[in-house]
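Quick note, the sequences are listed as chains A and B, same order.
So the first sequence is numbered by my numbering: it starts at 9 and just counts up by one.
So the second sequence is numbered by my numbering: it starts at 3 and just counts up by one.
One or more of the hints may lead you astray.
As the list claims (entries may be wrong) - Within a straight-line C-alpha distance of at most 16 Å, the following computed EDC-like cross-link-like pairs (lysine to aspartate or glutamate) qualify: (1) A:K229 <-> A:E212; (2) A:K327 <-> B:E42; (3) A:K56 <-> B:E42; (4) B:K50 <-> A:E59.
As the list claims (entries may be wrong) - Negatives, chain B to chain A, calculated, CB over 12 Å: (5) Q9; (6) V16; (7) I39; (8) K50; (9) R57; (10) N70; (11) N87; (12) N92; (13) Y95; (14) K128.
Stated by the list, open to error - Between beta-carbon pairs, the in silico distance windows are: (15) A:E47 <-> B:Q48: 50 to 58 Å; (16) B:F149 <-> A:D250: 41 to 49 Å; (17) A:E47 <-> B:L46: 12 to 20 Å; (18) B:I29 <-> A:E47: 46 to 54 Å; (19) B:L94 <-> A:S298: 57 to 65 Å; (20) A:D317 <-> B:Q48: 25 to 33 Å; (21) A:Q97 <-> B:V19: 25 to 33 Å; (22) B:Y95 <-> A:V40: 39 to 47 Å.
None of these hints come from the bench; they were simulated from the model.
Everything numeric in this text was worked out from a predicted model, so none of it was measured.
Here a beta-carbon is modelled for each residue, glycine too, at the ideal position from N, C-alpha and C.
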Amino acid sequence: MMNKKAFEMQFNWIFVLVAGAAILLFFTVVVVKQRSVSETSTKTTVLKSIEAIITGASISTDTINIINIPSSDIEISCNRVSLGSLSRQYQSLILFAPSLVKGNRLITQTLAFSTPYRATNLLYITSPQLRYIIIGNTNLANEINKSLPSDLKKEFYQSVPQIKNLNNYKVRFIVFGDMVDFPKALEKMPDYDATAVRINGDNEKGIIEFYQKDGTSWLSKGSSFYIGKSSLIGVVYADTLDMYNCNMLNTFSRLNLVTKIYVEKTKKIMQSTASLPCKQSYGNALNHLSIVYEASSDFNKENIDKISDAAKSLADENKNAQLYSCPLIY
Amino acid sequence: MSKAQIQIGETIAVLFVFFILIVIGFIFYVKVIKSNIELEKEELSQLKAIGIAQRVMFLPEVQCSEDNIIIDNCIDVLKLDSAQNLMKENELYYYDLLEFGNVNVTQIYPNDAKWIIYSRKTSDFKNKFNTNVPISLYNPVTRKHSFGVLTIETLLK
């Protein structure tokens, strides 16, 4: 039989245990809550940084920036930037980027999309941890290599090289000419982390074919088109066909709006000018602008051809206007 | 009352005081954090307003250019009228860029003129920022510059 003293001692211990557990539980809850608040705060900071980058991109052309951010995994899809559970949806976002940007540094680049007047700036974002392998012996391959930021983890080869696995979370091949075989060293990578694009065209326009690793070979994921160097650079950064097409559709819708402004402006200049050569130049320009306006309603091969031709003619008309001392179209 | 009961009572009292102190500390911490968040919110709102103002100033829809070379702080008068209608027709598209607010261009020299290029209002706003940017208004036909102010009113929730 337990005596009274022993019972009191045992009760004391139970009491201390309960009180201790309550204190521990309280602090554990506080720490867990604080941790989740801190994580959300970090993610919000990164999202705000990306928003600031997007704003910055709209006001500065031909810039390259390296931005330090808290280490994060940024998921980028069509009109959407996500960080875990936090995300920001845009109605029309022009951001060429891989589907996942990892790490604590972002490389951003901006280029103007001009046809031949500036319609918008294209923004490109990537991570220095992502590996880009450019293969080609054409002038275009050389030019694209030079146009990419030097801080990018890029390799340029004139012929198919011996590829080693450098443990990058994603590898992107940019191939000019015939498609290369899938490198053996990268066979262990997850399928969606090794992608390629084959470029067939020149500085002005061309066809691009997207590939993704499928076991030990490449699997074609479809083809699209580019117009101008800035959209060709977009092909390097955007690693899926959907992402590229979404950005190009957004770029085209912006081009459509800006072209409408130039159509109206050219009509007004034409009405207020008396000079015959100027009127003729504006008349021709109006035809070309109307072609760009109609063709920018959808992103397809036919429209790209139309815009490319009209842009060249429009540039000529602008030069003519300059030659005859007429007010310039753009 | 036995000695053990007194001891337990003491411990409960100590624990009670301990938790009271923790609660007071916690309330103080939350108040400090709240005031910091308010300050941060204010700062973010101001940054957002500046960002929107910058976006407006660099819109190709209104910016001056000469052979595709952009002229800073300059608005093309011939583009303004079209931009007015275009932005009204595509209000939802421009809302993504300019959010709630008003964007006006006022010519103050040599003549007075005003263009309202964007307006999307909300009554449910907490902060209102006005940004005035002195600009040059260029008419490519007359090749004359006039002086004006670009007013960007940003309404933030």
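Results for each hint:
no.: 1; hint: A:K229 <-> A:E212; verdict: 23 Å, violated
no.: 2; hint: A:K327 <-> B:E42; verdict: 51 Å, violated
no.: 3; hint: A:K56 <-> B:E42; verdict: 12 Å, holds
no.: 4; hint: B:K50 <-> A:E59; verdict: 9 Å, holds
no.: 5; hint: Q9; verdict: 7 Å, violated
no.: 6; hint: V16; verdict: 9 Å, violated
no.: 7; hint: I39; verdict: 10 Å, violated
no.: 8; hint: K50; verdict: 8 Å, violated
no.: 9; hint: R57; verdict: 5 Å, violated
no.: 10; hint: N70; verdict: 6 Å, violated
no.: 11; hint: N87; verdict: 8 Å, violated
no.: 12; hint: N92; verdict: 6 Å, violated
no.: 13; hint: Y95; verdict: 6 Å, violated
no.: 14; hint: K128; verdict: 18 Å, holds
no.: 15; hint: A:E47 <-> B:Q48: 50 to 58 Å; verdict: 26 Å, violated
no.: 16; hint: B:F149 <-> A:D250: 41 to 49 Å; verdict: 48 Å, holds
no.: 17; hint: A:E47 <-> B:L46: 12 to 20 Å; verdict: 19 Å, holds
no.: 18; hint: B:I29 <-> A:E47: 46 to 54 Å; verdict: 24 Å, violated
no.: 19; hint: B:L94 <-> A:S298: 57 to 65 Å; verdict: 25 Å, violated
no.: 20; hint: A:D317 <-> B:Q48: 25 to 33 Å; verdict: 47 Å, violated
no.: 21; hint: A:Q97 <-> B:V19: 25 to 33 Å; verdict: 50 Å, violated
no.: 22; hint: B:Y95 <-> A:V40: 39 to 47 Å; verdict: 43 Å, holds
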